[in-house]
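J.: Bring the two chains, given one by one in their own frames, into a single complex with the hints.
In order, the protein sequence lines correspond to chains F and G. Those letters in the first sequence? Residues 1 to 502, per our numbering, in order. Those letters in the second sequence? Residues 1001 to 1427, per our numbering, in order.
Keep in mind the hints are simulated off the structure, nothing from the lab. A portion of the hints provided could be inaccurate.
Stated by the list, open to error - What follows is a list of derived Cβ distance ranges for each label pair:
#1 F:D453 / G:V1217: 41 to 49 Å
#2 G:V1217 / F:H313: 33 to 41 Å
#3 G:V1031 / F:L379: 42 to 50 Å
#4 G:G1173 / F:G270: 30 to 38 Å
#5 G:G1173 / F:E260: 48 to 56 Å
#6 F:G270 / G:K1194: 53 to 61 Å
#7 G:T1234 / F:Q19: 42 to 50 Å
#8 G:S1361 / F:G56: 31 to 39 Å
#9 F:R273 / G:V1355: 47 to 55 Å
#10 G:L1132 / F:S397: 53 to 61 Å
All values reported here derive from a predicted model rather than from experimental measurement. Ideal Cβ positions, reconstructed from N, Cα and C, are used throughout, including at glycine.
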Amino acid sequence: MADPIVSLRKIRKTFPGVQALSDVSFDIARGELHAICGENGAGKSTLMKILSGVIGDYDGELHVAGNRVQFQGTRDAESASISIIHQELNLVEQLSVAANIFLGRELRNSMGLRSDGAMERAAKKLLEDLETDIDPRALAGGLRVGDQQLVEIAKALSLNSQILIMDEPTSALTESEVARLYRVIAKLRERGATILYISHKMDEVFQLSNRITVLRDGCFICTLETSETNANEITKWMVGREIDSLDLDGRSSPGDVLLEVKKLSMAWPGHARGYRLKDVSFHLRRGEVLGIAGLMGAGRTELMECLFGASEHPVHGQMLLDGKPYCPSHPAEACNAGIGLVTEDRKRLGIFPAMNVGQNISICSLESTLRAGLLSHKLEHDTSSSMISKLQVKTASLESAITSLSGGNQQKCIVGRWLLTHPKILLLDDPTRGVDVGAKSELYRLINRLCQDGLGVIVTSSELPELLTLSDRILVLSEGRMTAEFRREDATQEKIMHAATQ
Amino acid sequence: MTNSRTGLLTKLGIRPNELALVIAIVTIIGVTLGADTNRSYWFQWETNSIEIGRQTALLGIFALGAMMVIVSGGIDLSSGSMIAFSGTVIACSMIYLQYGPLGNYLFPLVVDAAGKSGPTDMAHAGLMVQTLVVVASIAMGLTSGFFVGTLHAWLITSIRLPPFVATLSTLVGLRSMARILCEYTTSTYQNSKKAQVNIDHPFFTWLRDSKHVYLWVLVFLVLATLTWVILSRTVLGRHIYALGGNEQAAKLSGIRTDRLKWFAYVFGAMTASLASVFYLANEGVCAPVNQGRGHELNAIAAAVVGGCSLQGGIGTVTGTILGALFLRIVIDSVSKIIKSGADIWEGLIVGIVVVLAVTFSQLQQLRGSGKRLFPGALGVCAMITLSLFAGLIAMSTRGEKQAAITMISVLAALFVYGLTEKQKTRG
Chain F
1 MADPIVSLRK IRKTFPGVQA LSDVSFDIAR GELHAICGEN GAGKSTLMKI LSGVIGDYDG
61 ELHVAGNRVQ FQGTRDAESA SISIIHQELN LVEQLSVAAN IFLGRELRNS MGLRSDGAME
121 RAAKKLLEDL ETDIDPRALA GGLRVGDQQL VEIAKALSLN SQILIMDEPT SALTESEVAR
181 LYRVIAKLRE RGATILYISH KMDEVFQLSN RITVLRDGCF ICTLETSETN ANEITKWMVG
241 REIDSLDLDG RSSPGDVLLE VKKLSMAWPG HARGYRLKDV SFHLRRGEVL GIAGLMGAGR
301 TELMECLFGA SEHPVHGQML LDGKPYCPSH PAEACNAGIG LVTEDRKRLG IFPAMNVGQN
361 ISICSLESTL RAGLLSHKLE HDTSSSMISK LQVKTASLES AITSLSGGNQ QKCIVGRWLL
421 THPKILLLDD PTRGVDVGAK SELYRLINRL CQDGLGVIVT SSELPELLTL SDRILVLSEG
481 RMTAEFRRED ATQEKIMHAA TQ
Chain G
1001 MTNSRTGLLT KLGIRPNELA LVIAIVTIIG VTLGADTNRS YWFQWETNSI EIGRQTALLG
1061 IFALGAMMVI VSGGIDLSSG SMIAFSGTVI ACSMIYLQYG PLGNYLFPLV VDAAGKSGPT
1121 DMAHAGLMVQ TLVVVASIAM GLTSGFFVGT LHAWLITSIR LPPFVATLST LVGLRSMARI
1181 LCEYTTSTYQ NSKKAQVNID HPFFTWLRDS KHVYLWVLVF LVLATLTWVI LSRTVLGRHI
1241 YALGGNEQAA KLSGIRTDRL KWFAYVFGAM TASLASVFYL ANEGVCAPVN QGRGHELNAI
1301 AAAVVGGCSL QGGIGTVTGT ILGALFLRIV IDSVSKIIKS GADIWEGLIV GIVVVLAVTF
1361 SQLQQLRGSG KRLFPGALGV CAMITLSLFA GLIAMSTRGE KQAAITMISV LAALFVYGLT
1421 EKQKTRG
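Okay, chain G solo, but in the shape it has when bound (with noise of 0.2 Å):
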């Protein structure tokens, strides 16, 4: 029977765990219609459409860069801080272009040039200097990328660092570089030293009207179909997997695996350099100091969710969308039931999400070793941690004396589970 169902699902190239993301989505969803008094998904489903729509995106892409570096067998901890980096080079270029010694050289130019032609030309000129502002400023962040992807690739198989220091020191130094950067840009061309840069720019603003989502959108499946190409059609993407499955083994067949590793990490800060046009954009402002901090963490939850393993060598695309998908509908849908700001419960419930999603896929695996989940004194201080953690949601949201009895009766199912427990391992 189940041999025949998951047949089936191969031959159609759905994975279990893809599958059972599907279900989680729509069930969710469906949760979400019945328990939110304002039935916000039915009345105002366009709007909310669009906001997850929008969120999804801006997590989604550099979530499949997550997810690349995942499957090569590394990790990447920077891209919450490549996102600030790569938003303050983008918002710095732009003011060195436009207020620089470049820029009040190269400008005026354009501007005569189209000045020559007639008056009609010079609102096209102004336009054209525009786009060249914006286009070489994006370019920019890109290449930020491109040199910090270069970095952690060189630190991990030169000075062969753990991946896990090498990004955990760019994410701290980063985000500091970024700081700096910015104070210094305003202070030389704005004369005035500034932590944050306002985003006027007439594109991003473009790019922020909700009647322009669908092209963040776009840019995330049409990323995700390139990385969906080179994972699952190109030698690389193969290479990819076999270093992630077992790296000394993709050496000894004459793979070179530091150069995979290169393209990785460098797919990795790129994904994130794009993802920071899009932060620019959402947020109106440049901010070095808190601009996608801690995001590098959704990312690596939605790869996670996703089904891609951390040990590397295991990882899909659609997985990674899904996965995306999913954090963004949980953390909206519990705002909607909840009614307060999403991004106070965002973390606890990636948190969660991600414990269950692995505790899922691995299920099978505690159950065939037979050792208990609650083990002795550790599993009874287990559980004081878990219905005390219940009790305090419990508390923010129905009261007090709701968390006495939410925390008490946590703790007694959960002590009552454990004894059963006990009993079996015993027969």
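If we strip away everything but chain F, and leave its shape as in the complex, we get (with noise of 0.2 Å):
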């Protein structure tokens, strides 16, 4: 390691509420495939943007080359010849090929005027280097996603960008595009270049990589020889993560079958993998907690909206609520059969920014605070009040806005919003992100006496020490299949994460 391309030393990030990156420094040497490892929300992202120069401000040295620099947008490290090929591709569909790989550093003639045969020419050579014959005229918009990530490529190559960083670039190939991108990784490597390859799979970061280095809770864990380690030491770095133990007893055994799903699938058109979810079948029971483990992208937010009628695609399979056939083509279905979803994304698809505490807490509840076919704003005011001191939510008055209350406490209120209705089953989908740790024992508290009063919840999380302590059972779904199942007794962090990244 006399020659490290890129030197981090105590890189800190801190997000609103989170610390996303605390004093992690190692090393990335010329030339090397390194892979970086870690759960979602482990900092993998938060890192690369720092890299890539999406973000700017943050504590700690980085150095490029041997020198510190302080990317302050892509263009600063794109002159340092970093480039990063995002997860989402960043094209503009309705752009040529062409016209995407010189985006914002366009050719011009010797008129000054912009010329788009020199593009095209200059494009299609890199495209050849890549053994692609995609055309450089052709809309970017119309491509396969696997092209569309070699026009990324080759716009990385127009930049002579020698460090590469790829960002889970298989999650959307087929396999003959995985094999047909291991092709250029060489290639690319054979030029001298370095690259960072975030991935979740086990086999590619096996066969592609030099290092390995792996990341957890924003911290910095351990850089490893590929040679000198194996799959199951890297999940076991990967899950070590902890939280308090909580004492979450009294639950009585479950009770009988409240929903039986069988062979639920989901299509995807267009995607390589050709669906979201495939072949799913669980049941919940009475006063049951049913944990749904997996990474990003495996299907687990899916699985909730197809559970609650809102997914956008058709969904086949069979599901029995209570013995009867159920399949909701609305949410609103849903919420007369007695289900309910606390959705991922609360600031997107949960709250009503513009209504105060109260007005959010009985939206779907309105129908029992009627008196003569009209509001009754007395009701409405007790029975969110009621809701309120049950779940012990912190807020000034029922007339607060809802945007002023914590994360947390948020989360409480839309909760009281769905336990209104009376449901029978509650779906939380990774209800404590962006949740403090105090807040989230408590949300643990309610979901566990919850279940005593004979409720069946299924909850998703993106942390495994969550479900591990809330869940009585565990399914791990990995790219939209159902990999495993276990009993709360013998689920362990590592097997989860071993079927995860089957």
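T.: Shown next as structure tokens:
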């Protein structure tokens, strides 16, 4: 390690309420393929955003090729010859391939006018280098995802980037496209490029990389030589996350089967995988918490949407609720059947920012506050405030703006919103995201209490310890398929992570 | 201090922007009293209040509809054309019922029945026929509103057109349809193709009489009360606020958002139909080509001035009433002071009022963001544009010499402001 091309020293980044990175330091050697592994929320993307100039304000030192740098934009990073290929591709779909490759650095002719011809010729040469016959004049939006990715790589090549960051590049590719990508990677390395490769998939990481760095909870854990380690060891390092142990006792054994799901599938038109969910089967009992584990993109949210009748695409398979066929085509039907959904993205899909706390709580159960067909503000006030005291929501008053509450209290309001509809099943999609530690354990106790009252709860989480604390059983999803099911006694973080990276 | 004041206002159910509108209205009346050399608001207060009442009702009725659509998170650009279309439907229904085959068959029966019971009842029978004609025709007009609103909702929810596109196409299309209908009906039943129809039915001349303007205001206030009840006291109304505030969250709360949109657009179009009755009475003519032309923007302006957010989810009935009243009073007072036709100034006034109202509501944010109001080359060109407009206005009222002075002084003032702004951001 005489000559690291990138060295990170005590990189630290705080978002409101979250320590995304704390004192991360490691080196990347010139010409190596360096894999970065970690769970959701480990800090991988934040780190890559700092390296590629998307995030400019952070503490710590970043050295590229021996020079101290602090990028203020992607342009800065590009001029230091670092390019990133995002997981969600960043192409302007209405422009041609050539125009995308040279976006913002358009070639000009001697008259100072834009020269499409020169760009097309240059683009053609770059694409030929990558063994592909993509037409530089084709619209980027009309290409397959794998080809779009190659366009992004061509763009990076046109910038003469020495350092390429690839964020889960194979997540949307077919097998033959993956093989082609591997060949491209090999070619890039022959030219001396350094590659930072982020992936969930252990087999890829072990096939491609020279060294592996593991991040967890925003901290640097270790950097290992790939030849000296194995997949089990890496998963073990990834999952060592700790939370305060919590005593959640007093739950009686689960009752009758509430919900039965048989071979649930959802198509994904236009995607190489072809499905978002495939043949998922499980059941849920009264008074039981069923946890659903899976990494980003595994299909957790899609599964919740299927159960709630909110999915955009047609769903196949059979669902039985209380023994009766159940196939909701609109969330209203799910509500009437006694199912509530606390959404993953609270700000975008949960709260009504223009309404006050009381109105946010009562919105799903207004029918019960009617008097002679009209809303009774007194009844509404009473029901909302009873829920506030039941869930111990900390708010100045019912009239306060919902946005003035902390994340945890907003989440309690949304749970309260659903409890007022007297549901049989509550779906909680990553309910503690963006919630501070104290409020988390309050939410855990609340979920536990609801189960004692006979509710069935399905909960997803990005944090394995949370699922291990809460759930009676845990299902593991990986790329839309169910890869394992554990009882709480049998489940460990390692086993779950192993099933989720299959 | 500020907190206790807003606290008292909330207790009384008054929102700060509504209070500001009331103050603005009173101020404008005061200024007009001083600046109008005829002292028209003092000496002819009765005529003036009747006129403003009439105009406010005329605008307010469909401004309430515009507000409903905006609160639900959409926009209805078609209400001006909807007024023309519905007015034409009413006028053509009257022609059809009076001269068409159905009327020819039906009304002699009424008259016959009356004739048998004696000659005094003949006059009564005539009145009955007249009433039937007007009631049926207005019902047809309102029905056309229902169908156009339904079309909007279908285009937006099922075909997934953006509301702007859906209602923009009916804005253009309905006016043309109105003219086609008018020409067809007049050529078929009156033997001459006409692009407009005189409204001489006694009901409309009665309604037009300034003694009966209280009825206009009454209809407006009844509709306002109904709208208020819907928005603040029904589940439907709360759901509309939810839909406008966060459509995705509303859907995921089990709210049938498509049905709500149907209601909102039907309400918007039907209030325009109702307004068309008063347009016919006001103008004494059904004119598909220019009746209500451009007035959809006045309605949207009234709602926005009254505190509606074009992003949806925010807006009140009281605000919209005050917004409509404010717009009409500003237009009226300018025409009083300048003593030229109000219609020339109307567009300019509406434009300025909307820009000012939205600017004031965002002033806090603008200041907070630390962004300059006149940045760089864009800022300089904007200054020149504003002073050119000021000069143009001065030219038409005061002459060319005054125009030059106004232009230069406005430009100088803006330039000085721009310089201080630049200094501040540097410091």
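J.: List in ascending order the numbers of the hints, as given earlier, that are violated by the structure.
T.: Per hint list: 1, 2 violated.
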